[in-house]
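Participant: Mind docking chain B on chain A? Use the hints.
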Amino acid sequence: MRVLCCVSDYPTHYFPLIPLGWALQAAGHELRVCAGPAQAATIERAGLTPVPCGPDVDPVTDARWLAYSLARQGLRTGQLPPLNPETGAELADLDAFDHAEFAARRQQELARVGEARTRDVLDLAKSWRPDLVLHDLVAAEAVVAAQLSGVPSACHLWGLTGTSETTPGLDSLAADVPAPVRELIGMAADEPAIRFVLDPTPPPIAPPTAAPRMPVRYVPYNGPGALADPPPWPTEIGRARVAVVWGSAIRRINGPGSFLVPALVDALAARGVDVVLAIGAEEAELLGRLPANVQVLPQYPLRLLLPHCTAVVHHGGAGAALTAAAAGLPQLVVAFGPMELRSAQRIADAGVGVALPGAHAAPGTIRAAVDQLLDTPELAAAAAEMARANAALPSPADVVPVLEKLAETGEQMGG
Amino acid sequence: MRVLFTVTRYSAHYFPLVPTAWALRAAGHEVVVACPPCEVALVGRAGLAAVPIEDGHDPMYLGRLHQYFQARQGQALLSGGVLHPVTGQPMRDLTEFDWARYKAEHRDANVARLRAGLDTTVAFARDWRPDLVVHDPLNMTGVLVGQVLGIPAWCHLWGPVGPLEERVGTQLVPRDHTDSFARHGVPPMGPELIERIIDPCPPVIGSGTALPTLPVRCVPYNGSGTVPELPPRGGRPRICVAWGNSLDLLLGPGSFLVPDILRALAPLPVEVVVVCGSAGRDRLGPLPGNVHVLSDLPLRLLLPYCEAIVYHGGAGSGMTAAWAGVPQLALPFTAEQQLTAERITRAGSGVWHVGYEVGTTGIRDAVSLLLDEPRYQHNAAALREEIAAMPSPAQVVEDLVARPRCHEGAV
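Line by line, the protein sequences give chains A and B.
Each step along the first sequence adds one to the number in the working numbering, with nothing skipped, and position 35 is 35.
Each step along the second sequence adds one to the number in the working numbering, with nothing skipped, and position 160 is 160.
Just so you know, the hints here were simulated from the structure itself, not pulled from any lab data.
Where hints are given, some of them may not hold.
Sample of chain A residues at the chain B side, in silico, Cβ under 7 Å [unchecked claim]:
| hint | residue |
| --- | --- |
| 1 | Ala26 |
| 2 | Ala46 |
| 3 | Pro50 |
| 4 | Val219 |
| 5 | Gly225 |
| 6 | Ala226 |
| 7 | Ser395 |
Take a look, some chain A residues computed to stay more than 10 Å from chain B by CB distance [as the list claims (entries may be wrong)]:
| hint | residue |
| --- | --- |
| 8 | Asp93 |
| 9 | Asp95 |
| 10 | Val113 |
| 11 | Thr166 |
| 12 | Leu173 |
| 13 | Pro178 |
| 14 | Arg252 |
| 15 | Gly257 |
| 16 | Ala270 |
| 17 | Gln295 |
| 18 | Ala350 |
| 19 | Thr365 |
Nothing here was measured: the structure is a model prediction, and the numbers come from that model.
Built from N, CA and C at the ideal position, the CB exists for glycine as well.
For reference, chain A alone in the conformation it holds in the complex (with noise of 0.2 Å):
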């Protein structure tokens, strides 16, 4: 069958359902992956096909925007001082942004895209077929053309963050199709956008989800990576290896003010653990020099190199949180943005983990986490649980015979 899938311009929220897409792929099937053209270099690199839609997103502005819109109406807290949206400079207060401009601006901007997206998308359909939609938690351009061609769609999860949220700022994210456009195409009112999930999260961090879910087991992929620089493979008796695991989109949403790397390292240097850090370049070179227990992987899978750690700290990315889970290791979260918060939340809730809110974290509590993250061994045996649970759920490769039965009878996925 032929699958279409749009995802958002943010490879983090479309590398959790890469592995979805070669399990097709593996099984005959073809896909083509509808996204903004700067993720046509990102999709090919993981071996799927992409087709550059419509113009650029730059999510990260729009998480700016966020930030600043939540602090606007008292909604944030325990976080950073929003950044300007559009420059991602330090503002001195809220109202040294002109925001009515900015948001009347940004909101015609985001329309016209979503406008383009969706004829670049609609026109793929119309030429290609395909028997059946993906799309991630946001495109919504997937579910107008599934309409028009009359094909049933899916949603896939990027991680901790499902279609029902109540969290501010996570609320409205949901891919919806407003009621003009409804009209437009045929789509009644009361009639759910999303129809189905497909959800990637282990149960104990699953999040709410209003339609139909089937559960599918986390098969990390967070880039294709290279071991140019092997670690030592054999985990050293008697010393936990701990990862670190930071964005490098972090920095750029909540400014300076959140690059925590160098406060984790001491405080887990203080311990006297082996730290690997999972970074990027830049973010490394804002290190400066490191113990030297402290080894830098700025290109190792992260898959591949947590099965030699007992612990990751992380911002709370779906990648990261989701490859943990995966790997069974308890984490620490330190998180900014109202979905990587949640998230936290979350994973600390289901006991698996520990949720420190970035703006709460100082030297004091970033030791006192820490400590907790490395005593609490019920964490660690929550953690394994969680990763059998992952383990027993349907791979990849089972869902693809759901998804057929789906393409050839729009009939709903157990689950």
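Facilitator: Then chain B, alone, in the frame of chain A:
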């Protein structure tokens, strides 16, 4: 389960393994690809994790060496001379390369390099403890790892030429000139160590070896790429002219037939899409309006929209044409390509002519035949259906995993 792939430094030889690797990952298994450092980027572009530790000979060097020895026996393929085996540059005469002297000067360093690659991969495998190995036919590292660790090694074919061929120039299984198998205490490298194969060919075009074989549906992967905007065909048949880089590297510019093919097609009422490397494009000069050149485009994204393909005899192009159900004209040069062409057209889905003998009229007549005789279209469609009915890579993975240590006869 952990699966180690070991591949040689030529992408067309390991691209057919990629969908099998995807299938393993998608079923939740772990895969890494031990490759020469120069292949890291291309392995990564397939979405796979590369381990740059393998360091076997460049198959193009070995191929040029073979052409050189053939020429010394008066059996050069092209009259224009052969390429220098080491530099790949055209030689005015055979004395420009002194094999005895080259061997005397470089043998020790080459042996040390080859041994280091083999030893590092064995050490990595001992540490990573794969449950099985998958390797391409030219790669002996996977065979060594399988022997040393006592795990199954699967030789994953790229097309119709198998590991046990007899014809000169078609024997793919490499030889170990480094004493490495003995150093590791296992039987010497040879065809008898190839114990099981994964074969992407349906029986009608396959090599038909008696080895335990897992047939796998060809899911063509010829590199990653973006869907091209195709020129309109204006109601006329669209002919794909695909010319891989391997002939340039093996035989030199004298083997670049694309200008001849374009001259042959010029009088025909067809649209032509040429797919070749960017170096080839520069050699084409001004083109008529019905000829379009697309550089470095994965053929699988183009062939479903073509009525015929003319190509250099590479197995990757031939298998993609078979998968797409497109009638093919193969113009092979080397012995391996000729055997591929013979077998891949056995189903009546195409014709082949020796590339350095065919001439413009021969090409034009052959393409006209493919377009005018409906049986080629019919047979190509039948071959496509036969391929589509084979077990997909996803299904083959179930067999690999269920019976990893299978040693019995045909599986």
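Participant: Decide, hint by hint, whether the structure agrees.
Facilitator: Outcome of the hint check:
no.: 1; hint: Ala26; verdict: 4 Å, holds
no.: 2; hint: Ala46; verdict: 4 Å, holds
no.: 3; hint: Pro50; verdict: 5 Å, holds
no.: 4; hint: Val219; verdict: 6 Å, holds
no.: 5; hint: Gly225; verdict: 5 Å, holds
no.: 6; hint: Ala226; verdict: 4 Å, holds
no.: 7; hint: Ser395; verdict: 4 Å, holds
no.: 8; hint: Asp93; verdict: 45 Å, holds
no.: 9; hint: Asp95; verdict: 45 Å, holds
no.: 10; hint: Val113; verdict: 20 Å, holds
no.: 11; hint: Thr166; verdict: 33 Å, holds
no.: 12; hint: Leu173; verdict: 27 Å, holds
no.: 13; hint: Pro178; verdict: 29 Å, holds
no.: 14; hint: Arg252; verdict: 25 Å, holds
no.: 15; hint: Gly257; verdict: 34 Å, holds
no.: 16; hint: Ala270; verdict: 30 Å, holds
no.: 17; hint: Gln295; verdict: 17 Å, holds
no.: 18; hint: Ala350; verdict: 22 Å, holds
no.: 19; hint: Thr365; verdict: 36 Å, holds
In this structure, none of the earlier numbered hints is contradicted; all agree with it.
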